[in-house]
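Q: So the chains spell out like this:
Protein chains: 2
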Amino acid sequence: MHLDQATPEQLSQWEADLSAQYQTLQNQSLNLDLTRGKPSADQLSLSDALDGILKGDYRAADGTDVRNYGGLDGIAEAKQLGADILGVQLDEILVGGNSSLTLMFQTVLVAHQFGLQGPESAWKDLGPVKFLCPVPGYDRHFSICEQLGIEMVTVPMLASGPDMDQVEAMIKADAQIVGMWCVPKYSNPTGVTYSDDTVDRIAQLAKITNPNFRVFWDNAYAVHDLSTTPTRLKPIMDSCRQFGSEDSVIQFASTSKITHAGAGIAFMASSTANLKGFKAVLGTSTIGPDKVNQLRHLRLLPNMAALTEHMTKHAEIINPRFSSVLTNLDRAFGDSDLGAWEKPEGGYFISFDTRPGCAKAVVKLAAEAGVKLTPAGATFPYGNDPEDRNIRIAPTVPSVEEVDQAMQVFEVCVKLASVRAQLNA
Amino acid sequence: MHLDQATPEQLSQWEADLSAQYQTLQNQSLNLDLTRGKPSADQLSLSDALDGILKGDYRAADGTDVRNYGGLDGIAEAKQLGADILGVQLDEILVGGNSSLTLMFQTVLVAHQFGLQGPESAWKDLGPVKFLCPVPGYDRHFSICEQLGIEMVTVPMLASGPDMDQVEAMIKADAQIVGMWCVPKYSNPTGVTYSDDTVDRIAQLAKITNPNFRVFWDNAYAVHDLSTTPTRLKPIMDSCRQFGSEDSVIQFASTSKITHAGAGIAFMASSTANLKGFKAVLGTSTIGPDKVNQLRHLRLLPNMAALTEHMTKHAEIINPRFSSVLTNLDRAFGDSDLGAWEKPEGGYFISFDTRPGCAKAVVKLAAEAGVKLTPAGATFPYGNDPEDRNIRIAPTVPSVEEVDQAMQVFEVCVKLASVRAQLNA
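Residue numbers (our numbering), protein chains in the order written: chain A, 1 to 425; chain B, 1 to 425.
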């Protein structure tokens with residue numbers, strides 16, 4: 001189906017055919033959900049050994065009684081795992097509670113209100129500040145900025161990561177830009193992994209802007225490969241060391257999509273100077289993270305080899321779902337001008353760009369045919385996708401059959417919305 | 001020993017005798033620690049069944065899979081337990097992660113920066129604001145204020161709680177006072193429980209000041225009784241309902257000193273209006289608390305009866321330590337003008353007031369004789385005890401023999417410092 005070359009008669013005929021197909025789908029009273037970027041029950045069950053794994057031995061490797069108070073930055077073996085995941089040294093890591101989002105919120109808060117390197121480094125004294133947001137991106141990143149009154153400016157995502165020519169130009173031109181959100185591997189939602197060149201250029205941004213600029217490197221899918229020959233992301237701290245910009249990047253990760261989504265452990269990695277400033281504030285709001293749960297995780301996943309083996313089991317569960325989405329998209333839109341998408345080799349999402357002005361209509365049609373999709377616009381700051389194109393597809397929770405069924409509905413909705421838009425153009 | 005009636009010759013003789021005794025103690029090379037308000041290993045072991053208690057059943061009572069994301073305010077059965085502990089309704093409670101201190105920090109932050117009831121209720125727009133701090137009090141409360149730039153003004157603690165005449169007068173006179181810290185039961189560190197009259201008067205403070213004034217009611221020792229006929233604290237929400245001031249109090253509690261100190265669950269209770277405002281901000285920093293750990297706790301302590309039974313086991317461990325402190329204080333200072341203290345029926349601390357100007361000297365002498373005490377001044381905002389009198393004694397971690405030994409050192413140090421101060425007066 002190529003709408004740009006279609007005659008009005010063809011369009012009208014397609015509209016009639018698709019409306020009939022849509023009507024049939026509606027009559028099936030489906031109830032399917034592709035909105036939730038979370039693990040399925042089968043995935044969660046891979047880690048059920050966590051409860052009871054301590055067998056009465058509550059001592060960390062260094063003898064710490066993990067049951068008691070204390071240890072603001074986590075137990076040593078959890079730090080080692082975090083350092084291995086994020087590619088940093090042991091003194092560059094902090095292990096928190098069950099949420100990397102919380103660590104991100106706290107870090108933006110500290111940088112803004114109190115300063116990561118003393119009060120004179122606080123962004124609040126710079127007047128109104130801004131964050132660069134590659135789009136489409138992760139709505140919860142945008143909510144943090146909105147909550148803290150930080151303006152968001154967007155930059156497009158390419159297959160290699162954010163458009164770095166634009167990023168560099170914007171940062172050079174505007175010293176009020178103090179931060180940038182990145183999901184560098186299997187990006188939420190486009191699924192792309194940043195190229196080595198992109199990583200190197202991001203590590204050099206500190207050179208062209210103010211010293212308190214920080215990159216928020218949310219490596220949420222660091223080990224979430226679906227392929228046995230996974231995409232390699234260049235460890236950004238290696239680049240930072242090369243360019244002397246260790247203070248400019250703060251990394252995050254968690255086990256939320258490795259063990260139990262709501263009951264994992266979270267990691268933050270940065271220069272010792274940034275961590276020192278962060279901990280000075282963190283220490284006024286907690287005596288320490290849940291070290292018992294950290295120890296449980298390290299008993300289940302004592303090292304990277306165990307972690308990698310564990311992740312292959314997730315891949316076995318997720319792969320058929322991703323395949324269903326990608327096969328359906330290829331079949332339906334491979335030979336068309338109706339949309340574009342990447343083929344992620346990991347992560348939780350596939351992102352589909354409709355023709356301009358169609359995303360909201362597709363989501364609405366799908367909802368009315370019993371298929372829930374993430375609201376159009378959610379992947380943009382302020383919920384505003386200026387071209388109304390991006391739709392995030394999250395296939396991990398439903399069964400393979402359900403994903404397949406949902407994608408067939410998706411196909412008809414995209415085609416119908418696109419044809420109708422073209423008819424009205 | 002009564003210094004006020006002593007002759008210079010008596011004082012000199014005492015100084016010589018006590019110096020000799022102190023020297024003997026110093027020669028013993030002791031290494032004792034009365035600083036830490038945390039459970040002993042024996043107490044922690046009471047809850048070791050937590051790990052493994054789920055036996056593969058990760059479903060909350062309402063069917064929620066606690067392993068996955070979601071549920072910003074906790075699982076229903078945990079809410080019920082929190083509501084029972086704090087004396088509120090189910091819709092007035094939120095269950096968090098492992099730290100009530102974190103909930104307190106977040107609540108002060110939200111009230112200050114964002115407003116608990118919309119942006120127009122934010123304290124930051126009132127100019128420099130203040131908190132009332134009954135003293136002596138809990139240093140981590142004071143650190144929150146200091147971190148957030150909130151000035152602290154002090155009011156004395158009496159045996160019935162804060163001096164309410166002063167509290168009311170100060171609040172009436174100064175609309176910049178937006179908050180007040182309270183540890184209403186077995187107060188940290190004096191050990192007193194607020195009288196019903198004090199509770200009622202605190203619940204009526206909202207009437208005499210601005211609508212955004214909030215009492216931070218840290219009921220950390222709500223169920224931490226050492227007696228079988230425990231002191232009863234009037235539930236403040238009952239008073240608030242009576243006086244129509246439900247929005248004016250925010251309560252906190254946790255299982256930190258019930259189960260595993262660093263791996264418990266925390267509770268916050270307030271009006272539905274306050275909780276709504278709080279959750280609006282909380283939701284930008286987390287997807288939800290660790291519900292698996294909440295479920296573990298509810299399997300161990302399904303109701304108040306189980307909780308009370310559990311707490312009697314703590315009391316059996318703590319009681320001999322408290323007895324040692326109180327017996328030693330009675331024996332050493334019962335017939336003297338050297339100090340004053342309360343006899344707490346629960347909690348974690350005994351608080352000793354020396355003669356004015358002696359606390360620092362006592363702590364220093366004790367340290368040099370191998371007995372660590374909490375730094376003098378720590379129980380006051382900015383670390384400043386203006387009369388240099390208060391010393392917090394935390395006897396739960398050492399063995400009974402160690403507490404006994406440490407208290408004998410304490411006795412000599414108090415006497416020696418007091419006599420020396422009197423000689424130099």
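Quick caveat, the hints were computed from the structure, so don't treat them as lab data. Hints are not guaranteed to be accurate.
Copies of the same chain are indistinguishable here, so a pair counts whether it falls within one copy or spans any two.
[Unchecked claim] Under the rule of at most 20 Å between Cα atoms (straight-line distance), these lysine to any residue pairs were calculated in the SDA-like manner: (1) Lys38 with Thr229; (2) Lys372 with Gly383; (3) Lys38 with Gly283; (4) Lys38 with Met152; (5) Lys343 with His310; (6) Lys38 with Ser285; (7) Lys55 with Pro235; (8) Lys130 with Thr228; (9) Lys276 with Asp388; (10) Lys234 with Lys276; (11) Lys38 with Gly70; (12) Lys55 with Asp165; (13) Lys364 with Ala273; (14) Lys276 with Glu146; (15) Lys279 with Glu146; (16) Lys364 with Gln422; (17) Lys343 with Gly244; (18) Lys207 with Glu168; (19) Lys360 with Gly244.
Q: Are the hints correct? Go through all of them and say.
A: Cross-check of the supplied hints:
With identical chains, the CA atoms of Lys38 and Thr229 are never at most 20 Å apart, being 24 Å at best within one copy and 49 Å at best between copies. Proximity of Lys372 and Gly383 under a CA criterion of 20 Å is satisfied intra-copy only: 17 Å inside one chain copy versus 56 Å between copies. Within a single copy, Lys38 and Gly283 get their C-alpha atoms only as close as 31 Å, which misses the 20 Å cut-off; across copies the closest is 17 Å, which meets it. In the homo-oligomer, the alpha carbons of Lys38 and Met152 never lie at most 20 Å apart, since the shortest distance is 26 Å inside one protomer and 44 Å across protomers.
For a Cα distance limit of 20 Å, the shortest separation of Lys343 from His310 qualifies neither inside one copy, at 23 Å, nor across copies, at 55 Å. Taking the shortest alpha-carbon separations for Lys38 and Ser285, only the inter-copy value of 17 Å comes in at or below 20 Å, while the best intra-copy value is 29 Å. With identical chains, the CA atoms of Lys55 and Pro235 are never at most 20 Å apart, being 36 Å at best within one copy and 39 Å at best between copies. Proximity of Lys130 to Thr228 under the C-alpha cut-off of 20 Å is found in neither arrangement, the shortest distances being 39 Å within a copy and 59 Å between copies.
Taking identical chains as interchangeable, the C-alpha atoms of Lys276 and Asp388 are never at most 20 Å apart, the minima being 43 Å within one chain and 32 Å between chains. Proximity of Lys234 and Lys276 under a CA criterion of 20 Å is satisfied in neither setting, with 25 Å inside one chain copy and 43 Å between copies. Taking CA atoms no more than 20 Å apart as the test, Lys38 paired with Gly70 passes between copies only; the shortest distance there is 10 Å, against 31 Å inside one copy. Neither within a single protomer nor between protomers do Lys55 and Asp165 lie at most 20 Å apart by alpha-carbon distance, with minima of 54 Å and 54 Å respectively.
For the identical chains of this complex, Lys364 and Ala273 are neighbours neither inside a copy (48 Å) nor across copies (33 Å), given an alpha-carbon limit of 20 Å. Proximity of Lys276 and Glu146 under a CA criterion of 20 Å is satisfied inter-copy only: 18 Å between copies versus 26 Å inside one chain copy. For the homomeric pair Lys279 and Glu146, the shortest alpha-carbon distance between copies (15 Å) is at most 20 Å, but the shortest distance inside one copy (24 Å) is not. In this assembly of identical chains, Lys364 and Gln422 lie within 20 Å of each other by CA distance solely inside one copy; the values are 17 Å within and 84 Å between copies.
Taking the shortest alpha-carbon separations for Lys343 and Gly244, neither the intra-copy value of 34 Å nor the inter-copy value of 59 Å comes in at or below 20 Å. Within a single copy, Lys207 and Glu168 get their C-alpha atoms as close as 10 Å, which meets the 20 Å cut-off; across copies the closest is 56 Å, which misses it. Taking the closest pair of Cα atoms, Lys360 and Gly244 never come within 20 Å of each other, the shortest separation being 45 Å inside a single copy and 46 Å across copies.
Comparing the model with each numbered hint stated earlier shows that hints 1, 4, 5, 7, 8, 9, 10, 12, 13, 17 and 19 do not hold.
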